[in-house]
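Enquirer: Protein chains in written order, with the UniProt record's numbering: chain A, 1 to 51; chain B, 1 to 794.
Accuracy of the hints is not assured; some may be wrong.
Said to hold, decoys possible - DEER-style ranges, computed between Cβ atoms:
| # | chain 1 | residue 1 | chain 2 | residue 2 | range |
| --- | --- | --- | --- | --- | --- |
| 1 | A | 24 | B | 219 | 38 to 46 Å |
| 2 | B | 371 | A | 40 | 50 to 58 Å |
| 3 | A | 34 | B | 652 | 50 to 58 Å |
| 4 | A | 16 | B | 393 | 51 to 59 Å |
| 5 | A | 31 | B | 85 | 43 to 51 Å |
| 6 | B | 83 | A | 34 | 20 to 28 Å |
| 7 | B | 347 | A | 42 | 40 to 48 Å |
| 8 | A | 42 | B | 644 | 23 to 31 Å |
| 9 | B | 399 | A | 24 | 45 to 53 Å |
| 10 | B | 435 | A | 10 | 43 to 51 Å |
| 11 | A | 42 | B | 515 | 36 to 44 Å |
| 12 | A | 42 | B | 345 | 53 to 61 Å |
| 13 | B | 135 | A | 34 | 24 to 32 Å |
Claimed, not checked - Covered by chain B, per the in silico footprint, the following chain A stretches (three or more residues, Cβ under 8 Å):
| # | stretch |
| --- | --- |
| 14 | 19-30 |
| 15 | 38-44 |
If you are wondering where the hints come from, they were derived from the structure by calculation, not from laboratory data. Predicted model, so just to flag it, every value in this text is computed and none were measured. Backbone N, C-alpha and C define an ideal beta-carbon position, used for all residues, glycine too.
Letter by letter, the chains look like this.
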Amino acid sequence: MSIIFFLIGCSILLALGFLCAFFWAQRQGQHDDLYTPSVRILLDDDEPKEK
Amino acid sequence: MIAADISLDTTCYHCGEEFDDTPLVFDDKNFCCAGCGGVYRILSQNGLCNYYSYNQHPGANRAKLDGRFEYLDEPKIISDLVDYTDGSITIATFYIPHIHCSSCIWLLEQLNRLNPAIYYSRIDFLKKQINIRFDTSKISLREVVELLYDIGYEPLISLQDVIKQQVKGGKDNLVKKIAVAGFCFGNVMLLSFPEYLGLSEYEKDFARLFGILNILFSIPVTFYSGWEYFTSAYNNLKNRILNIDFPLALGIAVLFLRTVIEIVTNAGPGFADTLCGLVFFLLVGKFVQRKTYYHISFERDYRSFFPVAVQVLDGEREKPVPLAEISTGNRILIRHNEIIPADAILLKGNALVDFSFVTGEAAPVEKVLGEVIYAGGRQTGGALELEVIKPVSQSYLTQLWNNEAFTRQKQNRMQTFNEKVSKHFSVVLLVIAFGSLLFWLPIDWQRGLSAFTAVLIVACPCALALSTPFTMSAALGVFDRNRFYLKNTAVVEQLARIDTLVLDKTGTITTGDIDVAGVPVLSKMQQRMVYTACINSSHPMSRRICKHLGGSGKLPFDSYEEIPGKGISAKVNAHRLLIGSAAFTGVATTGESGASVHIVIDGAYVGAFRFQNAYRDGLNEVTALKDKKYQLFLLSGDNDKERDALKQFFSANTMHFNQSPQQKLDFIRIQQLTGKKVMMMGDGLNDAGALKQSDLGVAVTDNVNNFSPGSDAILDGRSLSKLPAFLSFSKDTVKVIYMSFFISLTYNLIGLSFAFTGKLSPLIAAILMPLSTATIISFTSIATHVAARRRKLS
Numbered sequence: 001m002s003i004i005f006f007l008i009g010c011s012i013l014l015a016l017g018f019l020c021a022f023f024w025a026q027r028q029g030q031h032d033d034l035y036t037p038s039v040r041i042l043l044d045d046d047e048p049k050e051k
Numbered sequence: 001m002i003a004a005d006i007s008l009d010t011t012c013y014h015c016g017e018e019f020d021d022t023p024l025v026f027d028d029k030n031f032c033c034a035g036c037g038g039v040y041r042i043l044s045q046n047g048l049c050n051y052y053s054y055n056q057h058p059g060a061n062r063a064k065l066d067g068r069f070e071y072l073d074e075p076k077i078i079s080d081l082v083d084y085t086d087g088s089i090t091i092a093t094f095y096i097p098h099i100h101c102s103s104c105i106w107l108l109e110q111l112n113r114l115n116p117a118i119y120y121s122r123i124d125f126l127k128k129q130i131n132i133r134f135d136t137s138k139i140s141l142r143e144v145v146e147l148l149y150d151i152g153y154e155p156l157i158s159l160q161d162v163i164k165q166q167v168k169g170g171k172d173n174l175v176k177k178i179a180v181a182g183f184c185f186g187n188v189m190l191l192s193f194p195e196y197l198g199l200s201e202y203e204k205d206f207a208r209l210f211g212i213l214n215i216l217f218s219i220p221v222t223f224y225s226g227w228e229y230f231t232s233a234y235n236n237l238k239n240r241i242l243n244i245d246f247p248l249a250l251g252i253a254v255l256f257l258r259t260v261i262e263i264v265t266n267a268g269p270g271f272a273d274t275l276c277g278l279v280f281f282l283l284v285g286k287f288v289q290r291k292t293y294y295h296i297s298f299e300r301d302y303r304s305f306f307p308v309a310v311q312v313l314d315g316e317r318e319k320p321v322p323l324a325e326i327s328t329g330n331r332i333l334i335r336h337n338e339i340i341p342a343d344a345i346l347l348k349g350n351a352l353v354d355f356s357f358v359t360g361e362a363a364p365v366e367k368v369l370g371e372v373i374y375a376g377g378r379q380t381g382g383a384l385e386l387e388v389i390k391p392v393s394q395s396y397l398t399q400l401w402n403n404e405a406f407t408r409q410k411q412n413r414m415q416t417f418n419e420k421v422s423k424h425f426s427v428v429l430l431v432i433a434f435g436s437l438l439f440w441l442p443i444d445w446q447r448g449l450s451a452f453t454a455v456l457i458v459a460c461p462c463a464l465a466l467s468t469p470f471t472m473s474a475a476l477g478v479f480d481r482n483r484f485y486l487k488n489t490a491v492v493e494q495l496a497r498i499d500t501l502v503l504d505k506t507g508t509i510t511t512g513d514i515d516v517a518g519v520p521v522l523s524k525m526q527q528r529m530v531y532t533a534c535i536n537s538s539h540p541m542s543r544r545i546c547k548h549l550g551g552s553g554k555l556p557f558d559s560y561e562e563i564p565g566k567g568i569s570a571k572v573n574a575h576r577l578l579i580g581s582a583a584f585t586g587v588a589t590t591g592e593s594g595a596s597v598h599i600v601i602d603g604a605y606v607g608a609f610r611f612q613n614a615y616r617d618g619l620n621e622v623t624a625l626k627d628k629k630y631q632l633f634l635l636s637g638d639n640d641k642e643r644d645a646l647k648q649f650f651s652a653n654t655m656h657f658n659q660s661p662q663q664k665l666d667f668i669r670i671q672q673l674t675g676k677k678v679m680m681m682g683d684g685l686n687d688a689g690a691l692k693q694s695d696l697g698v699a700v701t702d703n704v705n706n707f708s709p710g711s712d713a714i715l716d717g718r719s720l721s722k723l724p725a726f727l728s729f730s731k732d733t734v735k736v737i738y739m740s741f742f743i744s745l746t747y748n749l750i751g752l753s754f755a756f757t758g759k760l761s762p763l764i765a766a767i768l769m770p771l772s773t774a775t776i777i778s779f780t781s782i783a784t785h786v787a788a789r790r791r792k793l794s
């Protein structure tokens with residue numbers, strides 16, 4: 001059963017990794033604008049027509 | 001299909017405005033004005049016509065704009081406006097009120113195609129902001145703004161934004177704190193479960209490890225996430241206030257200490273999961289309570305109403321000067337539609353100044369040379385030359401801001417239910433806790449201590465602390481959907497206690513529009529002649545006459561002259577027309593109420609169009625409140641011409657006219673001294689003092705992005721009729737808070753019955769706390785929505 005010690009360590013490390021990822025995203029400003037990207041994705045990329 | 005074609009024919013392809021005269025046509029598309037057509041041409045030349053395919057009529061109407069951005073060449077102003085510049089690259093953020101649809105996002109993010117010197121442009125849709133990076137050596141800030149202006153997106157640049165940018169920053173870390181608390185809560189629950197389910201003898205090693213891990217997880221929760229409760233409780237105690245943070249901080253501290261002691265001494269599993277859950281839920285409540293309207297500002301004052309810079313005449317040269325640097329003796333130039341920023345003497349030009357926003361006076365005022373014009377008026381004729389006699393900060397209008405109402409901290413003028421209750425709650429809690437300690441002390445001191453701490457743990461008012469934020473944020477959402485924007489959740493409770501309503505007239509209960517109240521008898525031919533003359537004028541009354549005579553058909557005219565502030569003199573079809581004021585047309589006035597436009601054809605008086613301010617829809621519903629225990633007053637800065645028309649809404653002794661801004665403020669104060677809870681509704685700068693002084697200041701506006709004076713709430717004029725429903729609904733939400741308070745008290749009593757015996761098991765605490773929280777959250781949100789539906793607000 002001592003494998004549980006190891007598994008608990010793993011699970012906490014993994015969870016800490018996710019927590020750090022969240023902090024990183026927060027610092028990057030990924031949560032600053034939660035609305036505009038949802039509109040932006042619906043807009044087409046069109047190349048400017050050569051005149 | 002045919003109907004659709006017709007509707008397209010009469011609306012502008014760019015802005016969707018209906019036009020009442022012949023449209024301009026480019027590429028088989030109709031435009032209402034040269035401005036709209038111009039934007040279309042720029043876009044079509046650059047292959048950006050997709051703009052029109054995402055949404056119909058995405059543009060802003062361009063008929064009444066004139067952009068002047070010389071001041072953006074001033075290095076001082078530039079350095080205030082930009083976020084960052086290093087000589088080659090400049091980053092700037094602008095607020096563009098017109099951003100409203102996906103077309104806007106698409107076009108504004110394609111600025112690079114219009115000018116390659118703009119590297120990057122990003123929209124934040126909810127904040128209506130654009131972030132632009134551009135090459136300073138190839139394009140100046142002014143050219144960037146002019147480009148935005150040319151494509152129909154004029155940024156709103158005001159003094160207050162310049163100042164606001166510097167105040168920005170200083171975010172608190174609430175989201176981070178929630179993340180830490182949530183992370184620890186999840187892990188601690190996982191580690192606490194085995195203990196609750198029972199561990200066998202040989203598994204005790206695990207219990208030891210779990211306990212140590214629980215302590216480790218509790219440390220960041222207590223000292224990082226929950227720390228603000230300690231500081232807040234300490235600060236409040238220092239100021240001799242017992243607020244809800246005190247029992248909360250006490251609960252957190254006791255939970256943490258008891259957990260550490262129990263685990264270290266091997267006495268038990270501790271309360272780590274209750275602790276983490278408590279802090280987590282409290283912070284979530286705090287997060288929910290915080291609602292931000294990025295696009296609405298409740299803190300605007302005169303600075304955001306005034307322009308950033310004024311044209312100052314230096315000899316023959318014009319030079320833009322920042323407003324703060326305008327000094328006495330400066331000669332300034334004010335053009336059509338510009339605002340006079342400081343008290344000044346008129347030196348040159350025909351002044352016809354619209355003071356409606358400052359004094360509440362509906363009609364523009366004519367000023368003669370040498371007369372003093374007070375700051376805040378908007379010139380509506382040709383250009384003016386003025387000499388400044390007082391600096392901006394000491395002008396008649398801005399002096400209002402020196403009143404103590406503006407310097408006083410106005411938070412918590414009314415104690416919220418939560419504050420009142422938590423004082424008593426804390427006292428009762430301490431009495432019970434010490435009571436149980438004293439009860440057990442002679443028998444068993446350990447049991448006494450354990451009962452003492454258990455009382456503090458179970459009675460920790462978590463559910464109580466959550467009931468207000470969750471109810472109020474649900475209520476705020478309901479108000480928001482009905483276009484009533486409240487500054488924060490405390491405003492809901494203030495709204496519930498209002499018993500007196502004070503209304504401003506111009507702009508608040510009237511719309512900007514004018515209604516035709518009287519029509520002269522005209523022959524078909526005369527109608528066409530009047531229409532022909534008026535269609536060339538941009539004066540609001542001419543527009544209104546054209547709309548009334550819509551479709552009469554234009555006639556060729558020989559001459560046309562518009563004298564600002566007086567009227568139109570035109571020769572149509574060999575007939576001489578004089579249309580305008582009584583003095584201009586030479587008609588003896590009969591002293592009728594409202595404004596009139598007189599018409600003289602070939603020297604013969606044919607009659608007058610009479611106008612009346614249009615009242616907002618819903619005024620009837622609002623004034624009906626006076627039969628429902630509310631007192632209603634009307635305070636107008638305008639003259640009493642409309643007294644008779646308003647008699648159907650207000651009783652005679654509650655209407656006050658010719659009120660100066662200071663008088664309005666004093667009126668509110670006098671009402672408050674008699675113990676009334678006053679709600680002021682206004683729209684202009686002249687109401688700013690009264691809005692600030694009142695218990696609840698509501699700014700009424702047609703467009704929430706336009707300027708509105710600082711207030712507690714902003715009401716969209718279209719929702720005025722719902723005001724009675726808003727008031728009843730706010731009372732409902734307060735009832736919901738009372739009820740949830742009793743629910744949470746019930747849980748506390750159940751917990752206390754366990755605690756008092758000193759036999760509180762961690763399992764019971766771990767069940768009670770989340771259960772009460774869940775009950776409160778679901779009860780408040782369901783009850784609030786039921787109430788909203790009953791008031792027809794959902």
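Enquirer: Take the hints in turn and mark each one as holding or not.
Expert: Comparing the hints with the structure gives:
1. At about 23 Å, the beta-carbon gap between residue 24(A) and residue 219(B) misses the expected band of 38 to 46 Å.
2. Between residue 371(B) and residue 40(A), the C-beta spacing of about 54 Å keeps the proposed range 50 to 58 Å intact.
3. Distance hint check for residue 34(A) and residue 652(B): the Cβ-Cβ separation is about 53 Å, which falls inside the suggested range of 50 to 58 Å.
4. Remark: the range hint 51 to 59 Å for residue 16(A) to residue 393(B) is upheld by a beta-carbon distance near 54 Å.
5. Taken as a hint, the range 43 to 51 Å is violated for the pair residue 31(A) and residue 85(B), whose Cβ atoms sit roughly 27 Å apart.
6. In this structure the supplied range 20 to 28 Å holds for residue 83(B) paired with residue 34(A), their Cβ-Cβ distance being about 21 Å.
7. Taken as a hint, the range 40 to 48 Å is violated for the pair residue 347(B) and residue 42(A), whose Cβ atoms sit roughly 56 Å apart.
8. At about 55 Å, the CB distance of residue 42(A) to residue 644(B) disagrees with the hint of 23 to 31 Å.
9. Distance hint check: the CB atoms of residue 399(B) and residue 24(A) are about 51 Å apart, consistent with the given range 45 to 53 Å.
10. In this structure the hint that residue 435(B) and residue 10(A) lie 43 to 51 Å apart at CB holds, the actual value being about 48 Å.
11. Residue 42(A) and residue 515(B) have their C-beta atoms about 42 Å apart, which keeps the hinted 36 to 44 Å range intact.
12. In this structure the hint that residue 42(A) and residue 345(B) lie 53 to 61 Å apart at CB holds, the actual value being about 56 Å.
13. For residue 135(B) and residue 34(A), the hinted distance range of 24 to 32 Å is satisfied, since their beta carbons lie about 31 Å from each other.
14. By the rule of at least three residues with a Cβ nearer than 8 Å to a Cβ of chain B, the coverage given for the stretch 19-30 of chain A holds, with 4 such residues.
15. With a cut-off of 8 Å between beta carbons, the stretch 38-44 of chain A has 5 residues touching chain B; three or more are needed, and the interface restraint holds.
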